[in-house]
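Residues in the sequence shown are numbered from 1 upward in steps of one, following the working numbering.
A portion of the hints provided could be inaccurate.
Claimed, not checked - The calculated DSSO-like cross-link candidates involving lysine-lysine, where the alpha carbons are at most 30 angstroms apart (straight line), are:
1. LYS165 / LYS226
2. LYS50 / LYS79
3. LYS177 / LYS221
4. LYS257 / LYS226
5. LYS14 / LYS50
6. LYS207 / LYS282
7. LYS79 / LYS53
8. LYS89 / LYS143
9. LYS177 / LYS207
10. LYS89 / LYS22
11. LYS93 / LYS79
Bear in mind the hints are in silico, worked out from the structure with no lab data behind them.
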Amino acid sequence: MKLKLADLIKTKRKSLNMSQKKLAEGICTQTIISRLEKGEVTPSIDIFFKIIKKLNIPISEIEDLFDIDTEDYQPSHFKVNELMELLYKRDYKTLDFVLSSIDKNTLNSENMLYFEWFQAITTYHIKNQLELAIENLKTLIEKVEVGCILYCDICNTLGNFYSEKELFEDAILWYEKVLPYIKITQNTNSEQPFYYSIARIYGILNKLNDATYWNSTAITKALENKSFYLLGDNYYLQARLFEEQNLIEDAINSCNKAISIFSLENNETMRSLTLSYLSYLKEKNSKELQQ
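Just need the whole structure built from these sequences, with the hints factored in.
Rendered as structure tokens:
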């Protein structure tokens, strides 16, 4: 499988007069592309589908490849953990592409529930159909066992979607449905997103003690696990919460931490946003010191 995949990637790249360096841009390192073309490694699912898109390889050719050897990357091979990675990277385009290549008839009942959850997320983030996404999630949650990890994920997503509609009281009702089952989310990929979501909504509703508690919990957990995942967002939120309490110097300190993390992650959008906010905080602090 590795050698056949390697040959396909190499052939398509050369037919486009594309260098390994160019192919690697925005996907992975040139070294990984080189090793892929030598058949030394098998790509992760997100890298695999990004390469397919960049080389404009038709799905039919991929299917032909899988017909030869279905060991690793058959589209119907539904790997929840790898799709979750795409979700947590907010790589909705690749997630949507992967979902479109999956044969739903091959999925067992549990994977089908996850498929519908992922699909509802892309219905909003790719197709911009928020009402339909909410409707589909409400239908889906009726099929899911109350208190399981997927139930918690769906509640969190519904909370996020109602927050997008600025129906914050409705959003908090969905987040609070997770609280009786919070232990289920601990030490899973669902833990940090929930902490961030509920902290953010409490902040919006000006429930600063609750917001600070959940955001501090998120930061502590991330530091314990030595994970940057959402840590920059949490420090940015912490800065906002400090400002609400007129703790401007603390807010500036949190902003600087967020900027450092966004820089390490090459998250230019959030870095620019936080830099702008930092300038505002410094100006505000300067005016207060002059009074």
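Against the structure, the hints:
Note on LYS165 and LYS226: the hinted pairing is violated, with a Cα-Cα distance of about 34 angstroms set against a maximum of 30 angstroms. Restraint check for LYS50 and LYS79: the C-alpha separation of about 17 angstroms stays at or below 30 angstroms, so the hint holds. Taking the CA atoms of LYS177 and LYS221, the gap is about 21 angstroms. The hint holds against a cut of 30 angstroms. Restraint check for LYS257 and LYS226: satisfied, since their Cα atoms lie roughly 15 angstroms apart, inside the 30 angstroms limit.
Restraint check: the Cα-Cα separation between LYS14 and LYS50 comes to about 17 angstroms, which is no more than 30 angstroms; the hinted pair holds. Restraint check for LYS207 and LYS282: satisfied, since their Cα atoms lie roughly 25 angstroms apart, inside the 30 angstroms limit. For the hint pairing LYS79 with LYS53, the CA-to-CA distance comes to about 20 angstroms; that is within 30 angstroms, so the pair holds. In summary, the hint linking LYS89 to LYS143 is supported, as the alpha carbons are separated by about 27 angstroms, within the 30 angstroms threshold.
Proposed proximity of LYS177 and LYS207 is supported: the alpha carbons are some 18 angstroms apart, at most 30 angstroms. At roughly 22 angstroms between alpha-carbon atoms, LYS89 and LYS22 fall within 30 angstroms of each other, so this suggested pair holds. Taking the CA atoms of LYS93 and LYS79, the gap is near 17 angstroms; set against the 30 angstroms cutoff, the hint holds.
Hint 1 from the list above is the single one not met by this structure.
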